[in-house]
Each structure stands twice: as structure tokens, then as C-alpha cells.
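Protein chains: 2
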Amino acid sequence: MSDINGAQALIRTLVACGVDTCFANPGTSEMHFVAALDTVPEMRGVLGLFEGVATGAADGYARLAERPAVTLLHLGPGLGNGLANLHNARKARVPMINVVGDHATYHKQYDAQLESDIETVAHNVSPGWVRTSQYTAELGRDAAEAVAAARTPPGQVATLILPADVSWSPGGDVATPVEPPARSTVPADTIDAVAKAVRSGEPVGLLVGGAALRQRGLMAAARIAAAVQARLLCETFPARLERGAGLPAVERLAYLGEFALGQMAGLRHLVLVDAKAPVSFFAYPDKPSYLVPEGCEVHVLATGGDDVAGALEDLAEAIGAAADGAAVQPASRPALPTGELTPDAIAQAVGALLPEGAVVADEANTSGLTAPLHTAGASRHDWLCLTGGAIGQGLPVATGAAVARPDRKVIALQADGSALYTFQALWTQAREALDVVTVLYNNRSYAILNMELNRVGAEPPGPKARSLLDLSDPNIDFVSMARGLGVPATRATTAAELSDQLARALVEPGPALIEAMVPGFG
Amino acid sequence: MSDINGAQALIRTLVACGVDTCFANPGTSEMHFVAALDTVPEMRGVLGLFEGVATGAADGYARLAERPAVTLLHLGPGLGNGLANLHNARKARVPMINVVGDHATYHKQYDAQLESDIETVAHNVSPGWVRTSQYTAELGRDAAEAVAAARTPPGQVATLILPADVSWSPGGDVATPVEPPARSTVPADTIDAVAKAVRSGEPVGLLVGGAALRQRGLMAAARIAAAVQARLLCETFPARLERGAGLPAVERLAYLGEFALGQMAGLRHLVLVDAKAPVSFFAYPDKPSYLVPEGCEVHVLATGGDDVAGALEDLAEAIGAAADGAAVQPASRPALPTGELTPDAIAQAVGALLPEGAVVADEANTSGLTAPLHTAGASRHDWLCLTGGAIGQGLPVATGAAVARPDRKVIALQADGSALYTFQALWTQAREALDVVTVLYNNRSYAILNMELNRVGAEPPGPKARSLLDLSDPNIDFVSMARGLGVPATRATTAAELSDQLARALVEPGPALIEAMVPGFG
Chain A
1 MSDINGAQAL
11 IRTLVACGVD
21 TCFANPGTSE
31 MHFVAALDTV
41 PEMRGVLGLF
51 EGVATGAADG
61 YARLAERPAV
71 TLLHLGPGLG
81 NGLANLHNAR
91 KARVPMINVV
101 GDHATYHKQY
111 DAQLESDIET
121 VAHNVSPGWV
131 RTSQYTAELG
141 RDAAEAVAAA
151 RTPPGQVATL
161 ILPADVSWSP
171 GGDVATPVEP
181 PARSTVPADT
191 IDAVAKAVRS
201 GEPVGLLVGG
211 AALRQRGLMA
221 AARIAAAVQA
231 RLLCETFPAR
241 LERGAGLPAV
251 ERLAYLGEFA
261 LGQMAGLRHL
271 VLVDAKAPVS
281 FFAYPDKPSY
291 LVPEGCEVHV
301 LATGGDDVAG
311 ALEDLAEAIG
321 AAADGAAVQP
331 ASRPALPTGE
341 LTPDAIAQAV
351 GALLPEGAVV
361 ADEANTSGLT
371 APLHTAGASR
381 HDWLCLTGGA
391 IGQGLPVATG
401 AAVARPDRKV
411 IALQADGSAL
421 YTFQALWTQA
431 REALDVVTVL
441 YNNRSYAILN
451 MELNRVGAEP
461 PGPKARSLLD
471 LSDPNIDFVS
481 MARGLGVPAT
491 RATTAAELSD
501 QLARALVEPG
511 PALIEAMVPG
521 FG
Chain B
1 MSDINGAQAL
11 IRTLVACGVD
21 TCFANPGTSE
31 MHFVAALDTV
41 PEMRGVLGLF
51 EGVATGAADG
61 YARLAERPAV
71 TLLHLGPGLG
81 NGLANLHNAR
91 KARVPMINVV
101 GDHATYHKQY
111 DAQLESDIET
121 VAHNVSPGWV
131 RTSQYTAELG
141 RDAAEAVAAA
151 RTPPGQVATL
161 ILPADVSWSP
171 GGDVATPVEP
181 PARSTVPADT
191 IDAVAKAVRS
201 GEPVGLLVGG
211 AALRQRGLMA
221 AARIAAAVQA
231 RLLCETFPAR
241 LERGAGLPAV
251 ERLAYLGEFA
261 LGQMAGLRHL
271 VLVDAKAPVS
281 FFAYPDKPSY
291 LVPEGCEVHV
301 LATGGDDVAG
311 ALEDLAEAIG
321 AAADGAAVQP
331 ASRPALPTGE
341 LTPDAIAQAV
351 GALLPEGAVV
361 ADEANTSGLT
371 APLHTAGASR
381 HDWLCLTGGA
391 IGQGLPVATG
401 AAVARPDRKV
411 IALQADGSAL
421 YTFQALWTQA
431 REALDVVTVL
441 YNNRSYAILN
451 MELNRVGAEP
461 PGPKARSLLD
471 LSDPNIDFVS
481 MARGLGVPAT
491 RATTAAELSD
501 QLARALVEPG
511 PALIEAMVPG
521 FG
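From first to last, the protein sequence lines stand for chains A and B.
According to our numbering, the first sequence is numbered sequentially starting from 1.
According to our numbering, the second sequence is numbered sequentially starting from 1.
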């Protein structure tokens, strides 16, 4: 029997598999894992004060690092607290490993206070891979298989439930990494069939998502679009979109179904490239859920597990698209804004100042509508979206992205209501001295719900309904909140103040928050 | 067909069933429920900025109101965010109804961003009653059955999943309330069997919990204890314990198994009264999980669904206990503390100042060990504990208790690390002008984990392990955080300052927070 315990074997196996960052919010049942961290120098431990921070950070990390991090969570309630951002990570199809501590195997029968059914909760976010380790000697192998599952294209959340005695007992065995499957090559007859549709002479749209949204896939997609005058569209909420001057500009499908239908009007062929056929975010009375226009044929070029960029290049070749035919975004930046501080003014300031290689974590919701427009011609950057609709993702994702890429500046565009789900992320940014600048849009409401309340066709809202969508009374002071968590913060009430504060924050190292007082909505 | 929609029928049915308070954190799929609130004046809507606040508040409300509130949550991620405090509510066995909005029935097939498997998550916290409403006409009946399920003794969390179209469609029907079953009378032969053990002359312990912890049950238990010199013990983390001068004093079983074993040492009979046979909170290497001493026989007098107080009175009669035999706590209060600000000094200040009829929400964890001691002889009050071990319960429970009982002062004894899971509760306290005074013990660490790290037998912690249990670097400024959420806050660094600030806060209306700077632990 080896002289290391299960926890040590687990951590060493994770490191051997290329997983060297742990976003943790541990409790007593995870204490041996915590103690074992000091025996494996390669594994970094990053504390979050809430599980929604740890899980969202692991998501942001994976989007930038292109490899998984591991989370450390405390039994069923800890997994529950992480569930919203794990939901977003599942929809983002990022690789991630959750380690969820559990009671010792022999202790579960006693139904102690923290006992609950962890596996069923885990299936909500890890439908593809959930395992409860039963034997210390097999824990290393379980971990290697969890990493391989997480890294199986396009990527997924894998959950390993770790009973305390499996973790603390001696006899741990470091396992050899398990190679995940490679992406599949899209068959030639699929390429040919799509090529035929694309060259039909009828109006064509390319809807690109997932792995198609990096430089290689985007360049190939833009070649195709130029060759056949296809409309080049992007899924509404990409996990990571490379953009900026020198890259093809793609138009994101609108959140509101009416507008998305307008973007696709007249199409006879819609080619899906690692994207789903568009559906509305929510259902509304008397509005369609399925948004593909009538008479438009849907073709699938590639799905998540495929070599998506390769398929786009094959299609470009098949239709004889010019190698240098891709239209790219010219460099251009808006002027620094002056006058009233509006969401559009903030977007202009961000567009004017965005540093080369920046990462934008976008949870601005209604306040962020024009941000993509004003940043389209800025230096190259990455845009990270709220992939699963579970708000409270922006600050944690920004945190994890900054851990993954300390060489890049992260800008979090953050709505007020959403910020309050996982505001504790700022503390981790302060502790780890992460280069994250948060622009907090304070409009003192759940603005999107004011809009949706009208859209769903509910009767005109009375005072009780309005009160449940309102974040004033009392007003929230985000500067005070941020400082309380150790992050320097300022408040901007004019466009000029915002521009000044943003310019300054972008050259200072470490985190900062700017509370932008924007007009209320609704 | 009626002219009200499903949401209106649902809310009117809830009101008819005695449920008139809704703790809400809604999204788009719940907008018709929100709009319908204004059509039913009897239903109050209370906004929480996070689902852990809404669910914890519903728990605290039920503990004080002795009837359920309803929560309003947004799909699977909203339920996930509420899961930790729903876990605590499940362990507290309080009545509660969750309404979880879902996509329209016909929209689910499209796997939109917020689609997930809600029912499996709901089973974690509502094992006894989960239903997805399918028809508007039946929604009222579903609601009435949910309330009856929630109110089935001893109480439970019932979850009603509400598809948006079932909510918005016309044809809603207000249902007649469904009477929940009454508590069962404990059979005479059970009483006789327990009476025989109690009168055996051998050492007896009474372990009381749940419904036995109110005045009537406690008085009967104390009569029995006095008649046969039994040890009177209380479960470790009661949902609601009535105590103070004039009530029997019961000794809570210790959190640490070693101490609990000491409290039960020598017992030959342990009578369980709506309490479980004691087990350790966590498992530890080489320590027992099951804590009943060897050679001690366990007898069950009453369980959750029984007429628990009635069974205790029957037992008291059966053994001929004197009607006035109960020993009660004499009135006594500690002096106001001076000198260093320690957790014990805080306990003394609370004991000295606790108002008549106060409610104490106790999530002080390691900092709160002596608080029960120093408050035992204060005026009558209720003590609410962290029932399920999922931290982040204290501030929400205090919030809900204050909503239920505006005539009483609520004191939240709150550990720093735990506070950060659901700190948003303070905003709801400010908005609703609730009489909650929070004493925040800032020891700048997860102190309990420093203790547990040693207890689990892990190797001496290295710098990485210590860092994951440490809340300094940066230090958190809870005064700033509280003010940011609209709650007046002060900081105390000496026992005299704490006493002064507490005395002042207890006479002011509305919420207040006192950040008590106590020495670090570990």
C-alpha cells in the first residue's frame, strides 16, 4: 500500500492530467484535500467566499486557459450554491471538474445534518459524468477519468463526489492521465451536401457558435460568407468570441425573438456550425419559440464534438472561396464620450480605451446592448457572455479569466441586479491581485424584468409588482460594498468621469470597480 | 371558463389556505405571478436579492409564524441558489411552499438557455412533495395540496413547479383548502413501555427536540426529569427553542462528539422525544459516528408527526410526576462586560440586554459557544439554530422571523465567514424596516475549519491550507458592506463599545449591524 492518502493521490493525478488550479470553498469534509494541497506544490488553491464564485471562476478560467480547473465544494448544499454557475458552464460546454466532498461512506447511514442526495443534484449540471468514489486505491483513476470526461469535446462539467474516508485513508495511487477523444472529422459527404446548399444561389445564412468563434473558424466562415454573399451570424450568447480589428465581424443573433427573426428574414438556407437552431430565450404568449423562418432549410455542418474549424475550412475549399477572401473588421474606435452618463456612453468609453488583448466579461444585460457595436473595431480581444441565463456569472467569470491569463486585462461589464448574486467575487480579485476592472451599471432596477413584464403580456404592473423589480429603497452603494471587500472603487456620474476613471483603472495593476450611475429603466 | 389566469388562482388559493407572505426572487418566467400579486391584496411580496435570502427568510418566517410562507424562484438555477437554505429548512422540518417558475410546457423541447431538470434538484430538498403543474384549471388544486403537504406534521418543504403558460393562461380556479392530517396520538402502550424504563431506577436521559421544545412540551419534560432525576438534554441544533426565566432549562447536546458522549455518560436509558438518536455532525478518523453510550437502551416516545407535547404530558401522568414539579430557570442576568471584546463578552452583553420576547437567530458558530449560558436567565425568548449545517442561514432566518413577528426584536448572532453567503439579506431588512440587530463576529477566519483541520487528523497545515481558511488579506469591512446595503452599522473594538452600541440598537426601530472585532482563532 502506498504511503500517500486518497486526497494526495487525487491532487497529484489532477496535476499529472494538466489540472493545476483549484477554486475552493471547503468545509470539514474537505479538510484532508485542503491539507494535501501543501504536499503538491504544482496545485494552486484559490479561495472563493461563496460557491457561486468558485464555480463561475472555474468557468471563466476554462474559457481562457482552454483546459479545466477543479472546484472544491462542500456536500450537497455547497454544490447547490454552485449550481447556477455550473448551469452556465454546462451551457458554455467548458471543461471543468467538480470535487464535492461528502460524509465518510460509513457515516451516511446516520442522516447527519449535512446529509443529502448529492448525485441527483449533480446530474442537473453534469448529466454526462457523475461518480462517487468508493475506494481510496481507485480515487486516482477516478480523477483521471473525470478529467478525460471533462475534456471530451466540446467539453463538459464532470462531478466527482468524494467521501471523507476515501480522501483521508492511506493507499492512494496516482493514476496515469487518460487521453480524451479527439474531435471528429466531418465527413466529406456532409461537406458536399452543405456546399451544394450554400452554392444554390438562394439566400444563405451561416450561424456560427462554440468552437467556430476563434480566429481560425471565423476566418474560414468569413471566406465562405464573402464567396456566396451569405449572412454571417453568431449565436446570441457565445462562451468566447474572438473579435476586434483584423478579425471577421460577426453579428450576434438578438436576444429578443422579434429582432432575431428580422436578422434571418428571407433566408432559404441556414447552416449551423457548432450552434443550435435558434429558439427564443423564453416563451411568450402568441410569439413563436422556434425562430427559423418558414421555408428556410436547416443544414448542420458541424456540432460540438467535431473539428469545427476544419469543417469550415473544408467547406470554404469545397465552394472555391478565395483564400484571402475574408472580410475583416477595420480598426476604428469611438471618441471618448462626454455629457450624460448613459449605457451607450459607457460602451463608447470602453471602445475608446479597450487594451490590446483584453478580455470582456459581459453581464451588462439591458445596459450592454451597444457595447459590441462600439468595441467592434478596437484592438483584438475576447468577449465572454452569460451562456446559460443564470445571472451572477459576470464577476466570477472575470475572476477566473484573470487567474488564467495574468498577462491580459479583464473588463467586467456588470449589471447591478446580477452583480448582487456573487458580489463576493471581488474579494477573491483583491486577494489574488487580479487585473479586473468592473464597470457596474447602477440603474437601480432589474431593468430586464421591467421590459419582460410588458413583453409577456401581463396586465399593467401595480405597485407590488413594480416593487419586486426595483432595486432602490434603499439604494445600493456599490462603492461602499466593493471597498468593504478590499477592492478600490470610485463612482462616476458623467461620461467624462467614467472615461477618466476607466482610463486610470486600466493602467493600474490589480482590481478596481467603477460604479456608473446610469438612468433607471422602466 | 373563469376569467382569472392561473397565477391569480394560485395566489388566491394560497391566501385561502392561510399563506399570505411571498419571499420572491423572480425572473421572466414568473412575471405573471408577479403581476397577479397586485390583484390579491392579501398576499404580501417581499423581495430578496438572492434566492438564499428568500428561502432562508421563508424558513425563519415559518419558525415564528407557525405557518408556511411561499417562495418564488426562477427555474433550476434559482432553485439551486436557494438549495442550501432549503436544505436547512428540510432539516428544521418547517412548512414551506416553493413555487419554481419554469419555461412554458411547449417551450421545454427547445432546450433554451435556462432549461434544466428542475424536478431532480427539487427532490433533494422536497423529498416528500414535488409536482409540476400541467393544467391551469388544476393549478389551484395543486396549490391547496402543496399547502396541505407542507403543513403535514411535523412540516416539510413542498415544491410546485409552475410552467409559464400554466401560469398565464385563463381558466384558473381558486381551490378549497385541503386540511392537513392532525398529529397522531402516541398509543398508551408506548407510553407505558417508556414509563417502565423511566421508572427503572437506572440512569435515564430525555433527549427532546422539534415540537417538544415549546413551553408545553418543555414543562412536561421537566416534570418527568424532576420525578425520576433524569438528565434533560436537547438536540444540538433546534429549529426553535423557547427559553429564559420561568421556563425549564435544557442542556443542548454538544456539537463535538467527545463532549456529547460526556453529557450522556452513564445513561442506561435514553428516551427520544421528537429527536434522533445522537450521531456526530461529521465523521472523523478513529472517532465514533453513533454517540449513544454502550449499554444504553434507546426508547422512542414520540416522533415528528406525533402529538409530542401530549405524549410528554401522558408520560408525566403515567409516572406520577408532580404537576408543579418542573424545575424552571430563575431570572438572572450577567453584568455588562468591560475590557477586551471577546465572544464571551458579547454573550454577556446579549444576556444583559436581551429584551422580553426577543428572537435570537444563532449562526455564531465557534464564536457563540457561551451565548446560551449567559442568556439562560434572561427574559423569555426564542432561540433559532442552524439546523442543517449549510452556512448562510442566520441573516435570512432573522429576516423572515422579523417579517413574521414585527412585535418582537430579532438579534442575529452571526459569524463572519457564514455571513458572506447571504449578506444580501441586510438589504431586505432595510427595505422592509425590520427590527433586526445583527452582531457580526469578525475573527477574520473560518475559525471552525481551523479547529476541524486539526480534529480530522490531517497533517499540520501548510501555508496553502491555512490560506484557504483565512478571511484576512484583504480584511473585510462589514460596516462598509452593511451601509452599502442600506443598513446603519457601527464597529465595536471593546466590550464597553459593544454594550453601548447594542443597547442603542435595541431601542432604535429598524435594522442595525454591529461589527464586533474579536480575536482571531487558530
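It should be emphasised that the hints constitute simulated quantities derived from the structure, not laboratory data.
Worth double-checking, as some hints may not be accurate.
Which copy? The list can't say, so a pair holds if one copy fits it or any two copies do.
Result set (DSS-like, lysine-lysine): computed pairs, CA atoms no more than 30 Å apart in a straight line [as the list claims (entries may be wrong)]:
| id | residue 1 | residue 2 |
| --- | --- | --- |
| 1 | K108 | K276 |
| 2 | K287 | K196 |
| 3 | K108 | K287 |
| 4 | K464 | K196 |
| 5 | K464 | K276 |
| 6 | K108 | K196 |
| 7 | K276 | K196 |
| 8 | K464 | K287 |
How the hints compare with the structure:
no. : hint         : in the structure
1   : K108 to K276 : between (42 Å within a copy, 15 Å between copies)
2   : K287 to K196 : neither (33 Å within a copy, 71 Å between copies)
3   : K108 to K287 : between (49 Å within a copy, 15 Å between copies)
4   : K464 to K196 : neither (57 Å within a copy, 59 Å between copies)
5   : K464 to K276 : neither (38 Å within a copy, 43 Å between copies)
6   : K108 to K196 : neither (60 Å within a copy, 33 Å between copies)
7   : K276 to K196 : within (21 Å within a copy, 70 Å between copies)
8   : K464 to K287 : within (27 Å within a copy, 54 Å between copies)
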